[in-house]
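Enquirer: Per my numbering, the sequence shown starts with residue 124, numbered consecutively.
Some clues are possibly wrong.
As the list claims (entries may be wrong) - Here are the simulated DSBU-like cross-link-like pairs (lysine-lysine), alpha carbons at most 30 angstroms apart as the crow flies: (1) K265 x K191; (2) K191 x K158; (3) K210 x K158.
Stated by the list, open to error - Pairwise CB distance ranges (calculated): (4) E262 x P181: 19 to 29 angstroms; (5) K259 x I214: 23 to 33 angstroms; (6) Q207 x G182: 26 to 36 angstroms; (7) S260 x A223: 19 to 29 angstroms; (8) F213 x G150: 30 to 40 angstroms; (9) Y215 x L156: 32 to 42 angstroms; (10) V203 x T173: 28 to 38 angstroms; (11) R179 x Q253: 25 to 35 angstroms; (12) P180 x D212: 38 to 48 angstroms.
Calculated from the structure, these hints are not laboratory results.
We put the beta carbon where it would ideally sit given N, CA and C, even for glycine.
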Amino acid sequence: MAEQTAKQHPKQRDAFTVSAPFHPRLGDLALDLTKGGRVGVVVALPDSNTASYHLRPPGGGEDWTAPKDGTTLRPASVPVTHVQPLKRDFIYDHRAQQAALPVQIHHEDGGTSESLLVLTPGQVELYHIQLEQLIKSREQAKERQR
124 MAEQTAKQHP KQRDAFTVSA PFHPRLGDLA LDLTKGGRVG VVVALPDSNT ASYHLRPPGG
184 GEDWTAPKDG TTLRPASVPV THVQPLKRDF IYDHRAQQAA LPVQIHHEDG GTSESLLVLT
244 PGQVELYHIQ LEQLIKSREQ AKERQR
């Protein structure tokens, strides 16, 4: 068994400083850990005159401040509306025994990002059966319409 050194163990830190500080830009959405995960729009940045970030609820409301070091702030993700497969082939990794389908993620703000839908062999088999049934149902519905 390999010897473990102090470098391998994460340093115990305050709950608000577990990861690197987030330094949002003006207009960014930020999640504030000291406010119970409340999300706000950054309306003012710290500078020589301001000792903190100023945030406001996205729909308007009372502003609040967060420390200028960014240790209590985290990026706030924009909600996903839907995910679509991209017109690319599945990739199968024999060593990991999983398949990956490239997908495009659509966000509420109109933005998109690409990712992978990772499936186990069992999930691939299950979705194969379900998609076969779906195709068969679609064909039967077409026949009834004729």
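Enquirer: It remains to establish, for every hint, whether it holds in the given structure.
Expert: Now the hints, each set against the structure:
no.: 1; hint: K265 x K191; in the structure: violated (62 angstroms)
no.: 2; hint: K191 x K158; in the structure: holds (15 angstroms)
no.: 3; hint: K210 x K158; in the structure: violated (42 angstroms)
no.: 4; hint: E262 x P181: 19 to 29 angstroms; in the structure: violated (46 angstroms)
no.: 5; hint: K259 x I214: 23 to 33 angstroms; in the structure: holds (27 angstroms)
no.: 6; hint: Q207 x G182: 26 to 36 angstroms; in the structure: holds (29 angstroms)
no.: 7; hint: S260 x A223: 19 to 29 angstroms; in the structure: holds (27 angstroms)
no.: 8; hint: F213 x G150: 30 to 40 angstroms; in the structure: holds (38 angstroms)
no.: 9; hint: Y215 x L156: 32 to 42 angstroms; in the structure: holds (40 angstroms)
no.: 10; hint: V203 x T173: 28 to 38 angstroms; in the structure: holds (34 angstroms)
no.: 11; hint: R179 x Q253: 25 to 35 angstroms; in the structure: violated (45 angstroms)
no.: 12; hint: P180 x D212: 38 to 48 angstroms; in the structure: holds (44 angstroms)
In this structure, the earlier hints numbered 1, 3, 4 and 11 are contradicted, and the remaining ones agree with it.
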